[in-house]
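Visitor: Based on the hints, put chain A in the right spot on chain X.
In order, the protein sequences belong to chains X and A.
If you count the first sequence from 1, position 3 lands on 3 in my numbering, and the numbers rise without skipping.
If you count the second sequence from 1, position 165 lands on 165 in my numbering, and the numbers rise without skipping.
Watch out, some of these pointers could steer you wrong.
As the list claims (entries may be wrong) - Cross-link-like lysine-lysine pairs, in silico, DSBU-like; alpha carbons within 30 Å at most:
no. : chain 1 : residue 1 : chain 2 : residue 2
1   : X       : LYS9      : A       : LYS93
2   : A       : LYS93     : X       : LYS13
3   : X       : LYS13     : A       : LYS114
Think of the hints as simulated: they come from the structure by calculation, not from any bench.
Small disclaimer: the values here were computed from a predicted structure and weren't measured.
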Amino acid sequence: MSESQITTKTYLKTFVALLLLLGLTIGLSFVHLGPFHSITSLAIAIAKAILVMIYFMHLRYGTRLTLIFAGAGFYWLIILLLNTMADYVTRSWLPMPGH
Amino acid sequence: MSQPKTALAEQFENITTQRQSARLGMWTFIVTEVMFFGGLFLSFVVYRYVYAEAFSQASHHLNIALGGINTGVLLTSSLTMALAVQAAEHRNKRALILFLLFTILLGVVFLAIKGGEYYIDYRDHLIPGSGFRFEGEFPERAEMFFYLYFAMTGLHALHLTIGIVIVAVVALLGWRGHYQEYPAPVEMTGLYWHFIDIVWIFLFPLLYLMEKSS
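Chain X with its partners taken away, still in its complex shape (with noise of 0.2 Å):
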C-alpha cells in the first residue's frame, strides 16, 4: 500500500517542522513589519496547511486525481477571496460620481 511508504520518522519530522513554523509566526507576531506581517503570518499558515496535506493526509503518494479535487477546493476559495477583495481594495481608487 502507498501509505505505508510514510515512516513513523516523517511524520515526527512533520510534526517538529510544524511546531517550529508555530513558534515563528508567534515570534513574528511581536515584531513590527508593518505591510508583511499579514502576508507572513499567511504565508507560515499555508506551509503549515501544505506539510498537514502532503503528509498527514498522504496527498504526496495519493493519486493525480486526489490531488486535483484538493487542489480544486483550494483554488475556487482563493478565486472567491481575491476576486471579494479586488473590489474592496480598489473601492476607494476612483473618484464616486456625487462625492
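Guide: What follows is chain A alone, placed relative to chain X:
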C-alpha cells in the same frame, strides 16, 4: 449461496479501487467544508480590511498564549491521528487504540482550553449582545470582530466535537476487532481530523496574531 462477508463492496473490482474511491469521496467532502468555512473567512477578511483599527484593537483582547498552546495541542493531535492511521495499516490493534485515545484526549484538552477562553471573554463582557462592553473608539465595530470570532471558533469547536465522537466510535470498533481486514475507515477519520487541524492553522494567526495598530 451466501458468500462470506468481505470488505469489498460488489461495485468495485478490487480493494485498491475501493480505497481510492473512498479517498476521493472524502476529499470531495472536505472541499465542501473548505467552501463552507471559506464564506466566514471571507467575511472576516473583508471586515478586517474595512474596520482595520477596531479589529486590531479587539484582536488584542484574545490571549495569544492560550491560543498558541491550543494550536500546539491540535498539531500534536494530528500527529497521534497520523500514527493511529499508520497503526491501522500495520494491523497493530494495540497501537491503534492507544493513539486514538491520545487523539481524543488532546481534542478534549483543546475544547477545555477554548472553553476557558470563552469564559474569560464572558467575564470581560466581550460576548456580543446587550452585555457587550468595549473601551475603544468603535465598540460596534469591535463587536463585529467578536461576532465573527465566536461564529468561526464555535463552528470549528463543533467540528472538533463531531471529530472526537467519530474517533471514539472508531476506537470502540477497533477494540472490537474491526479494521483488521480493511483499515480505510480509520484513514478517512484521519483526513477529517487533519482538516479540522488545518482550519485552526488558519484561524489562529487570523484571529489572534493581528498587528497592533500604533
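Visitor: Next step is simple, just say for each hint if it's right about the structure.
Guide: Hint-by-hint comparison with the structure:
no.: 1; hint: X/LYS9 with A/LYS93; verdict: holds (20 Å)
no.: 2; hint: A/LYS93 with X/LYS13; verdict: holds (24 Å)
no.: 3; hint: X/LYS13 with A/LYS114; verdict: holds (27 Å)
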